[in-house]
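Number of protein chains: 2
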Amino acid sequence: MRSHYCGDVNQSHVGQEVTLVGWVNRSRDLGGVVFLDLRDREGLVQVVYDPDLPEVFDVASSLRSEFCVQVKGVVRARPDSQVNAHMRTGEIEVLGKALTIINASEPLPLSMDNFQNNSEEQRLKYRYLDLRRPEMTQRLIFRSKVTSAVRRYLDSNGFLDIETPILTKATPEGARDYLVPSRTYKGHFFALPQSPQLFKQLLMMSGFDRYYQIVKCFRDEDLRADRQPEFTQIDIETSFMTSEQVMAKTEEMVRGLFQELLDVDLGEFPKMTWDEAMRRFGSDKPDLRNPLELVDVADLVKDVEFAVFKGPANDAEGRVAAIKVPNGATLSRKQIDEYTKYVGIYGAKGLAWMKVNDIDAGLDGIQSPVLKFLNEEIVSSILARVEAKTGEIILFGADKANVVAEAMGALRLKLGQDFELLQGEWKPLWVVDFPMFEKADGRWYAVHHPFTAPSTVTAEELAANPGTAVSDAYDMVLNGVELGGGSVRIHKQDMQATVFKILGISDEEAQEKFGFLLEALRYGTPPHAGLAFGLDRMVMLMTGATSIRDVMAFPKTTTAACPLTDAPSLANPQQLVELGIDVTKAEKAAEKSE
Amino acid sequence: MRSHYCGDVNQSHVGQEVTLVGWVNRSRDLGGVVFLDLRDREGLVQVVYDPDLPEVFDVASSLRSEFCVQVKGVVRARPDSQVNAHMRTGEIEVLGKALTIINASEPLPLSMDNFQNNSEEQRLKYRYLDLRRPEMTQRLIFRSKVTSAVRRYLDSNGFLDIETPILTKATPEGARDYLVPSRTYKGHFFALPQSPQLFKQLLMMSGFDRYYQIVKCFRDEDLRADRQPEFTQIDIETSFMTSEQVMAKTEEMVRGLFQELLDVDLGEFPKMTWDEAMRRFGSDKPDLRNPLELVDVADLVKDVEFAVFKGPANDAEGRVAAIKVPNGATLSRKQIDEYTKYVGIYGAKGLAWMKVNDIDAGLDGIQSPVLKFLNEEIVSSILARVEAKTGEIILFGADKANVVAEAMGALRLKLGQDFELLQGEWKPLWVVDFPMFEKADGRWYAVHHPFTAPSTVTAEELAANPGTAVSDAYDMVLNGVELGGGSVRIHKQDMQATVFKILGISDEEAQEKFGFLLEALRYGTPPHAGLAFGLDRMVMLMTGATSIRDVMAFPKTTTAACPLTDAPSLANPQQLVELGIDVTKAEKAAEKSE
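Residue numbers (the numbering used here), protein chains in the order written: chain A, 1 to 594; chain B, 1 to 594.
Where hints are given, some of them may not hold.
[Claimed, not checked] Here are the computed distance ranges between Cβ atoms for each label pair: (1) D582(A) to Q116(B): 41 to 47 angstroms; (2) N84(A) to Y445(B): 51 to 57 angstroms; (3) S156(B) to A77(A): 30 to 36 angstroms; (4) Q138(A) to A98(B): 51 to 57 angstroms.
If you're looking for bench data, these hints aren't it; they were derived computationally from the structure. Where is the CB? At the ideal position from N, CA and C, for every residue including glycine.
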């Protein structure tokens, strides 16, 4: 039905007859000539209908937006004055010779030109129309190119695409599982996987050596802007490879993606330990485009009379850190108050500050509400430590180390944006040497997941000092976004049992939940390591989309509903009987449609 | 950790030092020399340990099956007398210089050498070990090659890989949906998709033009040998393409697959109408390797005194068909009785037969219990119609046409096997021109699905004569197996509404279930058509596996359970409260583990 895609017609076709199909993007009758912008997935082309073919012209005059039509015509160069440099096909136009309306369109229920006027709900309800917008179409085409390139790389590197089950057993990876009642075993449930973690480890135990899968994962969480109930992972696992080798392979893959699809050379990714990332950036996924850094000053303020500094400075778990902001001395008291509120969100009780009005004027050049607690020597040492210059402001966080990291890390990002400090377009890095465990509520939690191997210690050493153990884990971070993360896995049963024990998982619970994994570790499990990338987030970053919903064809709302199909919906009562379940508490229909 | 895969070591490496990792497939101490068969996913290689390196030899002597080890050694040619032609690496062996036990193995809970001794349950419980068997490993590697080749073909033909939701709305496609309770909207349920049918149609409405996805689909059915609760489709949809074009593209894809992966040229696929397939083979997925055909003889027996023939022969919905079997006259009465029982399974009330002992001897040469009802002229005309020869048997089915097709179609397949008649290895074809609807229980059912377009008729014509309408649908059949099926879809609202009406779907029900589709058809929907292949079945056929479970990494049992992870399992009561559901009837644990 077509000879070319609309967006592909160009100078080389001038003089040729083409047949195009697509949608009426816009149609205008300008002084007896109809100008039709015809759109398909590859782009737009201008078609011109003159009145000298009256029957065709009449059809052209009757076109309305989003009619699906077939056009036959001859390509011609536009006069220089009418060349449209903003349009891929802007050097040519098609002189229409024939026109068939394939399918008419009623007036649309949402605006195609000013889609900002459409509510998110409207956009999702009429998703098939929203996806016609070239911006949305191009994002999904880009996503398809990403998965295609990823697969090509992994296929050519000996990775096998192996499917793992969607109907599986609940795994305790933090978030809530979606459950699926079993009809055969009434009262029992499958869970949708939060990741194929255990299955990919089992595949390594089977000897598949290199596995990948681009796979849906599921979390029944209260949604945030960048979360969806179902999301997609590029899931990778390897045997007999070290963490260095896994990082090298996957870095090469991502570098290739950026080169091929964005013509960007990411260069070699630097590696940074988790310790350094937390110390310098207050984050385990630092945005390195932001030049601001946290500078530790606890040692300088150990003996001051100011309790806010002195307390944390003398607490083994405390921290006092400064961020200096070029040109920050211009901040008003009101602006500083706003930043103080901002760090409050992250648990900081306040935000001490110090303006450097004149670095050469001693204490007279410094303006700060905390100046009265500090002597000249201490102030000088702080200024020296942060290498302060005239016109800067220094902001201080003092609290438990985790609060300082979180609050000052967030403040750093906000200052970077507010002062437009970001440098460079793409700044990737690896964060490595994570702690194995973190303590909360008096018990240990796995920082990655309970199958992550420690870096060097034996099972006995780990049991003795869980708090200091470093894991053989790695996160790939780009522009402050965690693109993916992974680790070397435990491949010895005694180590796995030790980790479960540290995490407070009883033998009985371990047996019930992971019995098959512990059993599998008995039969010659190879050393293995892997990584999973968040595909949605990766595509979001690469396309510059601001919402994860803009890189998925049919996302859910933030309340996990689909306005298009009206899912979830009421079930057939007979089917519930067959499943052996009953609804104990139902939202009213009115509540749902709100 | 390795320089080569075990299975890849060959003559070209003779003299080189190699480092291999893998599993001990077998280890024998033969007269003071240890022969170790080391296995990885690519194959086996023989490693020899001499006692002249005592420390290494001692380790080698201690090896047991399925230990995971690292071997260093030098490749050498085997003496001619020891070359193993059955082994890819059979011309060489590795003289071991070092040996590290990476991970030991306890004695295995199932037999690796005689896996037939393992029950299906055992194989699934220790799936990670069952998958180590080279036969299983190779099947999954082959499956990965299939998906990779499919993707390469579709990518290079402009198809976009677009993901559709797994948490979606119930669709009435015959089978039962798996339900997923919603926590946000208590009492409401998502359904797991039986196919992405409606979403892929919506993507065409969005203008994506060419879509594909290799995607999990779900059916909560009572399982048969070749069914699984979750299975995988190669799902394809196109806009602006005719059925002929879709068939040409997908045929090219499958032909390419067979060429690339099996070195088989399938040639051009013949097309056969549904009518012809039912008439000649009693099946809409005929196995063309089988030379037997059904021959209609109703017109010849219209006036006989034999009610079994006469009734169906004079019934507009009846049929009388014969199958003649070369060398069939040797069948004993007992064997014929077995076949009579066999067709009884398919609803046939009996099986008339006629042995041709001597074709030249007139009625004297014919042996048949029904001979007494037929005169010489009729017998002659039947013999002439089926072109009978001495030594053949002719078997008759007479009943309603659908019963004859089913029973005689099944009998044809059984006779083909029993008499070893199959010719040729691969016999593909397209079956086309299906009826739009079939009647059962006094109402119409869609033969494909309710979104399938009729071939030529208008909505009004279809409404007037639903029984005679032919759909623009097509099934790809190979060796009697339906590899895939598809159709041109309805792209006009009046046609879709007419089909719903014929199917007895009320306006209200249509609105509730497909309101979004009917709405979407208003806004310039393009003509579109697609197809879906059953990936599991395709891989099964290509690898010669006899069970769908043998081409999936982690299948479920026939009662839809996973003995490996013990899914489904009991849910956390608190989670059920959060979901607003309650279990009304639970299997006892003992029942489940049965």
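Hints, one by one, checked against the model:
{"no.": "1", "hint": "D582(A) to Q116(B): 41 to 47 angstroms", "verdict": "holds, 45 angstroms"}
{"no.": "2", "hint": "N84(A) to Y445(B): 51 to 57 angstroms", "verdict": "holds, 53 angstroms"}
{"no.": "3", "hint": "S156(B) to A77(A): 30 to 36 angstroms", "verdict": "holds, 31 angstroms"}
{"no.": "4", "hint": "Q138(A) to A98(B): 51 to 57 angstroms", "verdict": "holds, 55 angstroms"}
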